[in-house]
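Just need the whole structure built from these sequences, with the hints factored in.
Heads up: the protein sequence lines correspond to chains A and B, in order.
Per the working numbering, the first sequence starts with residue 680, numbered consecutively.
Per the working numbering, the second sequence starts with residue 1399, numbered consecutively.
Hints may contain errors.
As the list claims (entries may be wrong) - Listed next, the in silico DSSO-like pairs over lysine-lysine satisfying Cα-Cα at most 30 Å (straight line):
id, chain 1, residue 1, chain 2, residue 2
1, A, K735, A, K721
2, B, K1502, A, K746
3, B, K1455, B, K1502
4, A, K746, A, K735
5, A, K735, B, K1502
6, B, K1455, A, K681
7, B, K1455, B, K1413
8, B, K1455, A, K746
9, B, K1502, A, K721
10, A, K681, A, K735
11, B, K1409, B, K1455
12, B, K1455, A, K721
13, A, K681, A, K746
14, B, K1409, B, K1502
15, A, K721, B, K1409
16, B, K1415, B, K1455
17, B, K1413, A, K721
18, A, K721, A, K681
19, A, K681, B, K1502
20, B, K1415, A, K721
Hints were generated in silico from the structure; no laboratory data involved.
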Amino acid sequence: QKEVEQNSGPLSVPEGAIASLNCTYSDRGSQSFFWYRQYSGKSPELIMFIYSNGDKEDGRFTAQLNKASQYVSLLIRDSQPSDSATYLCAVNPPRFVFGPGTRLSVLP
Amino acid sequence: GAGVSQSPSNKVTEKGKDVELRCDPISGHTALYWYRQSLGQGLEFLIYFQGNSAPDKSGLPSDRFSAERTGGSVSTLTIQRTQQEDSAVYLCASSPMGRQGWEKLFFGSGTQLSVL
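So this is what it looks like as structure tokens:
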């Protein structure tokens, strides 16, 4: 079993909709979780991190963590075409193990 | 410079040749990482340096891969006897070390390695 798993997508949503991206991890000892966004041909950039069970909101982005289910998700409200990118889940700092990423396409 | 600098940006080599990839981290960042990203794939952890501690080499795929970090700054990733499956984008990232034991990663633009 891979350490971090994500649906590869592509996930297509219409502009203005909510995009839901999911990530599961295998190490029950994981404490901190990260979402990076990677535009095509560019390097990843951090958009959110979470380490407590529950929700964490930052603008249009909400990260949700359920350690019992070993599940972390990212919700993007009011999706925009500029949100079209690959979203990478990462766990276990300081090593940072990344999932394969989910490609999101927001359709105008 | 203001960001993480990697060179070369592109490298084409023949199978069996050795290559060296360079990373110049953000000044003052104590942590330095190398990742590999194959086309359409996620980031594969290779190696992690933190200050003067022994590096975490657990992600290096074979003994053909090695890395060093001189003076706690610049790092070089060396791939000996390259194989076609080594073709990928090699990304370097640096990070300051926060009180919680981690900080966000700042990535360079990567080196696109093509092994013919």
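Hint check results:
At roughly 26 Å between alpha-carbon atoms, K735 of chain A and K721 of chain A fall within 30 Å of each other, so this suggested pair holds. A threshold of 30 Å between alpha carbons decides the hint, and for K1502 of chain B with K746 of chain A the separation of about 21 Å falls inside it, so the pair holds. For the hint linking K1455 of chain B to K1502 of chain B, the alpha-carbon distance of about 20 Å falls within 30 Å, and the restraint holds. Distance restraint check for K746 of chain A and K735 of chain A: the Cα-Cα separation of roughly 14 Å lies within the 30 Å cut-off, and the hinted pair is therefore satisfied.
Proximity of K735 of chain A to K1502 of chain B is assessed by CA-CA distance (about 17 Å); at most 30 Å being required, the pair is judged to hold. With a CA separation close to 19 Å, the supplied pair K1455 of chain B and K681 of chain A stays within the 30 Å bound. Restraint check for K1455 of chain B and K1413 of chain B: satisfied, since their Cα atoms lie roughly 24 Å apart, inside the 30 Å limit. Between K1455 of chain B and K746 of chain A the alpha-carbon distance is near 28 Å, which keeps this suggested pair within the 30 Å criterion.
Restraint check for K1502 of chain B and K721 of chain A: the C-alpha separation of about 17 Å stays at or below 30 Å, so the hint holds. Taking the CA atoms of K681 of chain A and K735 of chain A, the gap is near 26 Å; set against the 30 Å cutoff, the hint holds. Pair hint K1409 of chain B plus K1455 of chain B holds up; C-alpha atoms about 23 Å apart against a cutoff of 30 Å. Between K1455 of chain B and K721 of chain A, the direct Cα distance comes to roughly 25 Å. Compliance with the 30 Å bound is thereby established for this hinted pair.
Simply put, K681 of chain A and K746 of chain A have alpha-carbon atoms about 17 Å apart, close enough for the 30 Å limit, and the pair holds. For the suggested pair K1409 of chain B and K1502 of chain B, the alpha carbons sit about 28 Å apart, so the restraint of at most 30 Å is met. As the CA atoms of K721 of chain A and K1409 of chain B are separated by approximately 17 Å, the hinted pair is consistent with the 30 Å bound. Between K1415 of chain B and K1455 of chain B, the direct Cα distance comes to roughly 22 Å. Compliance with the 30 Å bound is thereby established for this hinted pair.
Distance hint between K1413 of chain B and K721 of chain A is fulfilled; the C-alpha atoms sit about 27 Å from each other, no more than 30 Å. Simply put, K721 of chain A and K681 of chain A have alpha-carbon atoms about 25 Å apart, close enough for the 30 Å limit, and the pair holds. At most 30 Å may separate the alpha-carbon atoms for a hinted pair to count; K681 of chain A and K1502 of chain B meet this at roughly 23 Å. The suggested pairing of K1415 of chain B with K721 of chain A holds, with an alpha-carbon distance near 27 Å, which does not exceed 30 Å.
Checked against the numbered hints listed earlier, the structure breaks none of them; every hint is satisfied.
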